[in-house]
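Asker: Each chain, letter by letter, is given below.
There are 2 protein chains.
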Amino acid sequence: MERNIYLDNIAVEDAQDKWYDNLEIETAVETIDVREARGRITAQAIRSNLSAPHYHASAMDGIAVVAADTAGASEKNPISLEQGTDYQMIDTGEAVPDKFNAVIMIEDVNQVAEDRVEIEVGATPWQNIRTVGESLVQGELILPTNHKLTAHDIGLVLEGGVTEIEVYHRPVVEIIPTGTELVEPGTSLEPGEIIEYNSHVLCNLAEQWGGRGVKTEIIADDYELIKTQVEQAVAEKDLVVITAGSSAGREDYTAQIVDDLGEVLVHGVSMKPGGPVVLGTIRNTPVIGVPGYPVAAALTFRLFVRPLLYQLAGDEVPEVKKVTAKSAAKVVSKLGAREYVRVKLTQLEGEQRAVPLARASGQMGSLVEADGLMAISEFSEGVTRGAEMEVELLNEGMHPADTLVMSGSNDLTLDIVKNELAQKKVDFITKSTGSLGGLTALKRKEAHLAGAHLLDTETGEYNHAYVEKHLPNRDTYLVNLVYRQQGLMLRKEDADRLQKIKDLATSDLLFINRQRGAGTRVLFDYKLEEAGINPQEINGYDRVEYTHMTLAAAIANGGADVGLGVLAAAQAFDLEFIPVAEERYDLIIPKKYENDKRIQKLLEVIRSQQFKEEVLSLSGYRTAKTGQVMEND
Amino acid sequence: MERNIYLDNIAVEDAQDKWYDNLEIETAVETIDVREARGRITAQAIRSNLSAPHYHASAMDGIAVVAADTAGASEKNPISLEQGTDYQMIDTGEAVPDKFNAVIMIEDVNQVAEDRVEIEVGATPWQNIRTVGESLVQGELILPTNHKLTAHDIGLVLEGGVTEIEVYHRPVVEIIPTGTELVEPGTSLEPGEIIEYNSHVLCNLAEQWGGRGVKTEIIADDYELIKTQVEQAVAEKDLVVITAGSSAGREDYTAQIVDDLGEVLVHGVSMKPGGPVVLGTIRNTPVIGVPGYPVAAALTFRLFVRPLLYQLAGDEVPEVKKVTAKSAAKVVSKLGAREYVRVKLTQLEGEQRAVPLARASGQMGSLVEADGLMAISEFSEGVTRGAEMEVELLNEGMHPADTLVMSGSNDLTLDIVKNELAQKKVDFITKSTGSLGGLTALKRKEAHLAGAHLLDTETGEYNHAYVEKHLPNRDTYLVNLVYRQQGLMLRKEDADRLQKIKDLATSDLLFINRQRGAGTRVLFDYKLEEAGINPQEINGYDRVEYTHMTLAAAIANGGADVGLGVLAAAQAFDLEFIPVAEERYDLIIPKKYENDKRIQKLLEVIRSQQFKEEVLSLSGYRTAKTGQVMEND
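Residue numbers (this note's numbering), protein chains in the order written: chain V, 162 to 794; chain X, 162 to 794.
FYI, nobody ran anything at the bench for these hints, they're computed from the structure.
Watch out, some of these pointers could steer you wrong.
Identical copies look the same in the list; a pair holds intra-copy or inter-copy alike.
Said to hold, decoys possible - The list that follows gives simulated cross-link-like pairs (lysine-lysine, DSS-like), each with its CA atoms no further than 25 Å apart:
(1) LYS661 <-> LYS309
(2) LYS179 <-> LYS309
(3) LYS786 <-> LYS585
(4) LYS376 <-> LYS309
(5) LYS495 <-> LYS376
(6) LYS653 <-> LYS773
(7) LYS762 <-> LYS179
(8) LYS495 <-> LYS260
(9) LYS586 <-> LYS762
(10) LYS579 <-> LYS606
(11) LYS398 <-> LYS663
(12) LYS237 <-> LYS398
(13) LYS260 <-> LYS309
(14) LYS586 <-> LYS237
(15) LYS786 <-> LYS579
(16) LYS579 <-> LYS653
(17) LYS260 <-> LYS653
(18) LYS586 <-> LYS753
(19) LYS483 <-> LYS586
(20) LYS179 <-> LYS487
(21) LYS653 <-> LYS606
(22) LYS586 <-> LYS482
(23) LYS773 <-> LYS579
(24) LYS606 <-> LYS753
(25) LYS482 <-> LYS309
Small disclaimer: the values here were computed from a predicted structure and weren't measured.
Please put together the full structure from these sequences, using the hints given.
Answerer: Next comes the structure, spelled out in structure tokens:
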């Protein structure tokens with residue numbers, strides 16, 4: 162077991178300094194057609210090759226005249242002119258013949274005969290003529306060096322008789338995905354295989370930041386194969402990125418290869434996600450090894466490649482926009498590593514708050530959903546709820562006032578709500594915290610609303626008793642989302658191994674439970690009690706999943722054999738479903754948000770016929786009371 | 162002379178309403194590879210085809226264990242495990258074998274023998290394991306409909322096993338440049354020929370606004386040829402633009418062709434530039450005829466095509482950003498047409514001001530330089546200096562605090578200053594108003610500084626007397642820019658027709674003068690007086706150009722035969738140069754701007770060795786006092 166498990170742990174800024182200070186950033190220049198140059202940056206000042214107009218041009222449709230011939234013309238005393246001698250017809254852009262020095266616009270000309278006109282206003286010399294050089298003079302500066310070309314610029318450069326210009330080369334980034342377990346998108350998967358998509362994310366980020374991204378084939382975890390590819394890449398490209406293999410595992414070769422071929426400047430940065438990053442240089446080409454976890458790959462690429470790409474392209478590095486927001490929740494973080502928590506910004510409790518999203522480095526969804534990054538210092542063990550934090554924006558098009566945050570129980574129909582709300586320009590963020598978790602989030606003012614299906618086992622009523630207990634002094638109302646079937650889910654081949662809850666105690670099927678506080682768990686415990694079973698008789702009672710869907714997926718996958726969940730989840734994974742109960746799922750909405758436009762749009766959605774139809778197209782749902790305010794009986 | 166000279170004159174908003182209300186905007190959908198979809202907009206919700214991970218995956222490099230086997234491990238009481246039976250080596254991403262249910266990270270494992278390890282901390286069930294569906298669950302909503310894809314999104318979609326997605330088709334705009342006088346860029350020009358660049362500006366604007374622009378060959382002013390192209394275009398493309406021919410001239414066919422093939426909705430809008438625009442529809446395809454003047458073409462395209470492109474692409478029309486600024490100068494405008502004055506924004510007199518740029522529709526440079534458009538109402542005859550105006554931004558990257566405005570005499574070395582200041586992130590706008598014009602602009606506080614070479618004919622001194630007269634109560638200082646040669650310029654073939662100023666009275670050469678208030682004109686008048694010549698003896702004394710370069714261009718072109726100007730201008734146009742005098746060109750800077758960072762950078766530039774070298778590489782300049790403060794003698 163040979164492992165090089167020692168990584169540096171230097172601060173992000175120190176790593177950046179070490180990296181940028183040791184790179185020789187050289188911008189290259191290329192000649193391109195200006196017609197293809199929008200967004201490119203001039204490497205040389207552009208001067209006009211000619212004057213425009215290059216002749217005296219009529220600025221109007223009309224007649225060319227000699228100004229002196231028209232002096233004194235008036236309404237009472239029009240002057241008559243003869244074609245050929247006194248005037249000539251002329252269109253916009255045509256050269257004014259030498260003998261004339263003014264143009265009278267056609268609207269001011271009275272045609273009195275085929276070859277004769279009258280005018281009532283005299284012309285001043287050079288009126289309505291664009292004289293030579295009016296727009297551009299030969300040799301004049303059109304655009305300075307280091308200027309980013311716009312569509313309008315392209316016109317002026319062409320007008321100046323220039324078609325080819327010198328611009329900075331767009332840096333080409335080669336991205337080398339490594340990993341024996343990786344397969345290309347579109348391949349059907351075997352266990353242990355992972356779809357390789359980091360390279361596509363990084364290619365697209367490179368393009369977004371002014372570079373060009375080129376990915377290679379996936380390369381297996383083989384020292385020689387990777388090394389050969391890296392050698393070729395550094396000879397041809399401006400920047401080389403190796404994804405995965407940057408840490409200190411048995412098959413992590415990046416650091417060693419960079420060290421063999423060039424110099425490792427940094428291996429390991431005190432950041433999360435993304436710590437085990439390799440920053441190096443091989444024959445003056447910057448080479449970076451990023452971790453394989455997608456969030457880590459994207460964030461290290463952002464910190465260590467984004468500024469570099471702009472510099473290589475001769476561009477200014479755009480300032481990263483920052484806003485301040487109060488953390489919507491407490492976040493505990495490890496000392497010794499700066500954590501970049503992905504957050505969604507929302508207007509909550511009358512102020513801008515940052516809602517922390519999933520923190521695992523494998524959760525690409527957290528980056529997709531995020532508006533920005535909230536950095537928790539390496540010298541801190543986290544932030545308290547309400548702490549004022551700086552948020553670095555990832556998404557400048559964010560709109561906190563149109564972001565609605567729900568916490569609580571997960572339900573499949575929330576995806577329909579999310580999609581419909583997106584059409585109404587509301588970003589709907591659902592945090593799967595379980596029914597009780599949702600009430601707690603409301604209590605802590607971490608969300609705008611909660612979703613719950615909590616059975617009061619004494620009354621058989623749903624939710625009201627829990628709301629009264631957990632939110633005693635809060636004015637809330639309950640709006641029904643759906644009624645839904647809960648049942649035992651198991652693989653089709655196991656269908657005859659179980660008929661009812663009671664059988665769980667005697668079967669050897671491996672159960673999988675929902676987390677504490679989940680309404681489904683409350684229901685399960687209630688049903689166990691009803692059946693007179695001690696939870697400890699259930700094999701797997703302590704193992705939990707957090708949503709219906711992950712639970713169903715685990716069963717479909719063989720990670721467990723049986724669990725309680727909704728029919729739609731069972732159907733999504735083609736599982737057997739044994740109905741256990743129908744339950745009520747409500748939204749709990751604080752009264753103070755009654756007039757909030759986001760909540761109003763949410764209610765519009767769930768009260769629409771379309772929503773109900775979409776819900777019913779999933780199985781196991783009833784919408785008889787969907788959208789209704791549920792009074793306490 | 163058959164002319165259809167009647168145009169409508171309807172308000173911009175009415176024209177937009179008539180246009181958008183009568184178009185049937187249909188978004189088309191296409192299936193593309195998600196890897197190529199950054200910036201595209203989903204036409205359908207994207208749901209995951211699979212769960213990710215699709216198996217229980219190790220989240221760490223380490224060992225897979227059974228959690229229960231590790232219970233009670235501590236530093237004092239380590240637990241020993243045997244390879245194969247108690248643990249198995251596992252790397253990040255590998256499938257956890259069924260028999261194990263936890264992973265201990267390698268850093269927490271002590272290797273004690275080849276096949277034996279010790280651990281000092283127990284594992285909890287499912288620790289360091291990414292369970293099935295942790296990132297994505299099969300069937301889960303990944304992205305809603307009408308969502309613009311980011312680089313991060315692409316990763317998540319690929320992770321969900323989706324490679325092809327439905328997005329809105331990018332609308333294709335065909336741009337048909339018409340005009341017998343037009344030639345393609347890169348062609349050498351004959352008098353009357355014009356470089357066709359509108360189509361490239363519009364193509365690039367179309368791309369910027371989410372469409373695709375395709376230009377056809379230039380088509381001559383021939384009714385049938387244009388009609389054939391339009392017929393073909395409407396059958397294939399989403400939008401058709403005909404440039405030029407939209408007015409009411411002899412060879413303006415656009416309106417008639419649209420009327421023949423479909424319906425003209427609007428012909429003529431009360432706006433400047435851009436009034437004679439044609440808005441129509443042919444077989445459900447929107448067709449627009451834009452005027453040939455480049456500013457008019459770009460502005461009408463902006464008003465009538467930009468919103469349409471976004472809508473056809475299924476995108477939201479981005480809000481046009483607006484700022485308020487005080488007009489830096491009085492602008493007189495015609496009643497009855499809304500004028501879109503291009504303005505540069507600058508911080509002047511402690512507030513944001515809009516500096517009106519060239520107003521002619523042929524001056525593409527005004528759009529290149531502009532930060533925004535200041536609309537002057539069709540019901541107003543203009544705006545006063547200081548009027549608070551709304552400015553619609555063209556350039557969101559504008560930076561008024563780094564924009565420096567100079568007014569006054571034109572000099573070729575100002576192009577060098579402009580280029581060098583651009584490297585220091587200062588936008589240097591020079592308005593050629595002549596030496597006296599510059600002093601007037603300073604008096605009116607329309608500029609930060611002025612440039613002048615005004616000879617006091619009584620003392621032979623430059624500038625001081627004029628500054629004292631025109632800016633009596635202003636504290637200013639003079640900084641020398643250059644000394645320069647002024648001389649008579651004429652075509653080489655005319656070289657022997659003139660030796661000195663006095664000869665002008667007797668020669669039959671056609672003179673061209675500079676405008677009133679230009680220092681060169683003051684110098685010329687002084688030299689005439691010295692030579693005892695009455696200005697009226699000079700053939701062409703009343704004809705004027707506004708800069709050295711346009712004057713030299715006019716002579717080179719045969720528009721005139723002789724004029725007074727600087728050596729560098731003569732050389733740029735290969736003209737004969739007969740020296741008349743050396744004169745001093747100074748910058749006049751109000752003391753209050755002494756510490757302004759833009760002025761400081763300007764002084765840094767002109768005091769640099771590099772600037773002096775570049776100036777001397779032009780001919781006819783001396784830099785002995787360049788950058789020095791000039792005291793009154």
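Asker: Kindly indicate which numbered hints from before are broken by the structure, ordering the numbers from low to high.
Answerer: Violated hints: 1, 2, 5, 6, 7, 8, 11, 12, 13, 14, 16, 20 and 21; rest satisfied.
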